[in-house]
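Chain order of the listed sequences is A and B.
Just so it is clear: in the first sequence, position 128 is 128 by this note's numbering, and no numbers are missing.
Just so it is clear: in the second sequence, position 347 is 347 by this note's numbering, and no numbers are missing.
Don't read these hints as lab results, they were simulated from the structure.
By construction, the Cβ of each residue, glycine as well, lies at the ideal position given by its N, Cα and C atoms.
Some clues are possibly wrong.
As the list claims (entries may be wrong) - Cross-link-like lysine-lysine pairs, in silico, DSBU-like; alpha carbons within 35 Å at most:
hint	chain 1	residue 1	chain 2	residue 2
1	B	K158	A	K119
2	A	K265	B	K158
3	B	K139	A	K265
4	B	K139	B	K158
Said to hold, decoys possible - Here are some chain B residues pointing at chain A (derived, C-beta under 7 Å):
hint	residue
5	P136
6	G202
7	V320
8	G322
9	L325
10	M329
Claimed, not checked - Where chain A lies over chain B, by a calculated footprint (3+ residues, C-beta under 8 Å):
hint	segment
11	240 to 250
12	275 to 282
13	311 to 318
Residues per chain are reported as follows:
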Amino acid sequence: MNIELFLQYLVAGVTYGTIYAIVAIGFNIIYNTTGIINFAQGEFVMLGGMTAVTLHAFLPLPAAILSAVIITMIVGAMIEITFIRWLASPSVLRMIIITIGISILLREIALHVWGAGVKALPYFTGTAVSSISIGDVHISPQVLWVVGVSSVMVICLNLFFSYTQPGRKMRACSTNRTAARLCGINTKNMVTLSFVLSAGIGALAGCVVSPITYIQYDGGTALAIKGFTVAILGGLGNSMAAVAAGLILGILESFSIWVMPTAFKDVISISILLLILFVRPSGLFGSKEAAQLKEF
Amino acid sequence: MTRNRHLQVFLLIAVIIATQLATMLTDTQHYLTQLTMSGYYALVIIGLCLLIGYAGQISLGHAGFFAIGGYTSAFLTTYDLSPVRDKAFIVLLSRMGLLVSTEDLYGGQVLHLHPWAAFLIAIICTIIIAYAVGGPVLKLKGHYLAMATLGFGTIVYKVVLGTEGLGAADGISDVPGFTLLPGSEVSGKLSQRITNYYIAWGLVIFGMVLLLNLVHSRVGRALRSIHGAEDAANAMGINTGRYKLNMFVISAVFAAIGGVFLTHYNGGIGPSEASIMKSVRYVAIVAVGGMANLWGALVMGSVLNFLSLRGYFGSYDDAVFGVILIIIMLFTPEGLLRRDLFSDIREVFGTGKDRGERA
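The shape of chain B in the complex, shown without the other chains:
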């Protein structure tokens, strides 16, 4: 099984490199922009897949965490600190090398937080909020859980939409690039297009390896027992509440990381990233991917987002995801690309011998 998993990851790496080479050979390098963006969205989706598919908890507010990550980072890296540069705290920050000074359009000096510091603060904020929200919310079940997470998502949306400091309906723009290492920065610059593609998908690979190991560990088995029968799992001595909460926080952090990087890549973020429709879209993609199937979520997450970003669905963008949700839930409530799909097909053709090996 472990070898199988290694093989899958190597296959993913091969596909990623092959895609980049293919765009180079066919002279369609402009696709890389959307491929990079769908990589960040895929990060949100595999995190959500862990929560919905493995821990069995629905969240209709994950766009909220995406926005918390993105907005925190965008705000901190664009907020001009130079009027208060003499304050002790700011001096301390600049001694620690956490501030960068740039020139604005008119040649004035602008002082703002270093993207790395902003990134860390964004992640810490997300973890705190996810624990604070997840604690009470995950005690709820069914309709109440769905409505509570939907409520959380709506609050984040309304707050970013109504706060002047966060740009209200326009969002925050002119977010500087995020220099990871000297020479490679997360930004929309044309010269950095290939680098950015690999940064995004490198993160996805890293996330996938992390999550695959997680679901095949003791934690993963505990999660599956929670999904199967929560009361029985509780009776067996599994602290179901703690597991659910931790998975909620992990998936929130995945969403926030996606949010931070995409914000730097796009150079801005708007309130639509926090909208309910985005959250519903993430859930729809997890459903198509087969609920408890990280690979399915990854494939569907990158393909559907890529098609949507390229504008293939036209003005029916949201409708497409609505129809997908309904059809999947009506006909295959376990999800489309579910784990047993291939063995089911094999069984039909009389070669279903490896069914027992499946973990």
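Here chain A stands alone, though its shape is the one from the complex:
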């Protein structure tokens, strides 16, 4: 194999890996404040992309994306307020089934609103065939958009959690919910905020990636499983490790096309998920002791 092909696969892997990382961060934000896994996380990505495509018919691209992100955030808040806020200490099994139900509902609503066809936003700069050449590697400008927007998003999230009042409150909730409440933090509002945040970043990811991968009403489930794989790979709750894990999975998947037909691409990533769950459920970068204390 030649070096150009190698780099080409690498770039594809990084693109997909970035998206997986963003979905995984969405999982982590909600998991940290509530201790639950939101199985509807992939649907936020789908919803964001679909809404942006519809709005793009009336609005310029940046405005359409911004409104789509805001709408998805509102949907996230509404879901939390309607289904989750008023449950007193629900069991894990119950929360799993409820969020699965929500994901089915969102998917079916999308099917009836947008139909079963694939949709995509136009390329942000240039067209589907334009490319930037670095040496012998040709990169679509959209790939740079995906990587760029995602990096900015991760940096902003980091700043948000470190330096702002609500960000610190959310971190307090994830460390110890009862103690946070005793300090006067409204933990329920923090849970809503975590749903809003992860819906927002999911929607933005859906918008930037849609020109490359296209979106369909049922695209959320596969994304959710991969995002979860990445979240586990990095250690559940650890958003920075999720970025590294996302890139690893994306690149692995992209190179797996060499050894197996494309149809089995998903099988690779899910096998990795199962393997990690069996062998090292605390993740590559997580500590075993900490994992034992968490409520699964």
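Given the coordinates of chain A, work out where chain B should sit on it, guided by the hints.
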């Protein structure tokens, strides 16, 4: 209690016969087709009810086992062995009477495995896979268990969807009928419609009796203790890991049997039978049935599947099951038709005297 159980089974048999007679009298015999199919789905659901309700382990991949059963049987009974008919192994098989030869559309000779042999192989495959998957998976809890079973289901779905030999997106069609006894075969033939109805529901009765006896035995009590408090059960000397694994395998076999029979009945199987939505649907029905309530699961399994197969939910088919899941879990997390429901109602009206007798 034992007499009570006998009574329930007799009631089930009576209802099954009455339903068939009712369709005959009202001239709605075409309903029997969907009733037969929902019988096979009900088989999957009561097996899953054992796992979720009694052993307390969620599985979001049971459609995978259904598909393993169905696809194995479909593949083996349609795969043409005549090009390799001179190989020693094939000759051995045909000496044992395990091969059937039929004529295809163009009059050519087609040699394939006997459905009984295919059925046995399908079940053995399922047992092996269920042990191999269940061993590590059932050590997990909560989110991890849910995701691992979901992952297993997705792998089966992607494999049958991506494998050319299994028909990829089209699935396998032209699966021959499954001759159980001379004169009665599991197939979609019109002349066999009533026979098939009784084959399906006979299997359901058999499965119900088996599971009812199981949950009222020592095993059932051990399972309930696992569901209540796994650590405490472990401390009392119950090998919780072994019990959970065995229940997982039993429920997988129920799913596979449903898969094999439905495949022969429909004359084919497609990848949608392995989809995640099917698995979620089975879980939803178990939840509506009252989690640890085999009768509830059976009733809801046959009614909801029948309505869905008749197309009453229209294009909202999946949405209906999603809404059911959410509503049940929000308001009655123990399930809708739970065991205490009737005694609760009786208590409200001041006649709750038999509460203590409940096992």
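Results of checking the hints against the structure:
A hinted pair counts as satisfied when its Cα atoms are at most 35 Å apart, and B/K158 with A/K119 qualifies at roughly 23 Å. With a C-alpha separation of about 9 Å, the suggested pair A/K265 and B/K158 falls inside the 35 Å cut-off, and the hint holds. About 27 Å separates the Cα atoms of B/K139 and A/K265, which keeps this hinted pair within 35 Å; it holds. Taking the CA atoms of B/K139 and B/K158, the gap is near 25 Å; set against the 35 Å cutoff, the hint holds.
Hint status for B/P136: holds, given a least beta-carbon distance of 4 Å to chain A, under 7 Å. This hint is violated: B/G202 has a C-beta 32 Å from the nearest C-beta of chain A, more than the 7 Å allowed. The criterion of a C-beta within 7 Å of any C-beta in chain A is not met by B/V320, whose closest approach is roughly 9 Å, and the hint is violated. Using the Cβ-Cβ criterion of 7 Å, the hint placing B/G322 at the interface with chain A is satisfied: the shortest such distance is roughly 3 Å.
Because the smallest distance between the Cβ of B/L325 and any Cβ of chain A comes to about 4 Å, under 7 Å, the interface hint for this residue holds. With a cut of 7 Å, the hint placing B/M329 at the interface with chain A holds, because the nearest CB-to-CB distance is about 5 Å. Under a criterion of three residues with beta carbons nearer than 8 Å to beta carbons of chain A, the stated coverage of the segment 240 to 250 of chain B fails, only 0 such residues being counted. Restraint check on the segment 275 to 282 of chain B versus chain A: 3 residues with Cβ-Cβ distances below 8 Å, three needed, restraint holds.
Figure legend: the segment 311 to 318 of chain B, annotated as covered by chain A; annotation consistent (3 residues with Cβ-Cβ distances under 8 Å, at least 3 required).
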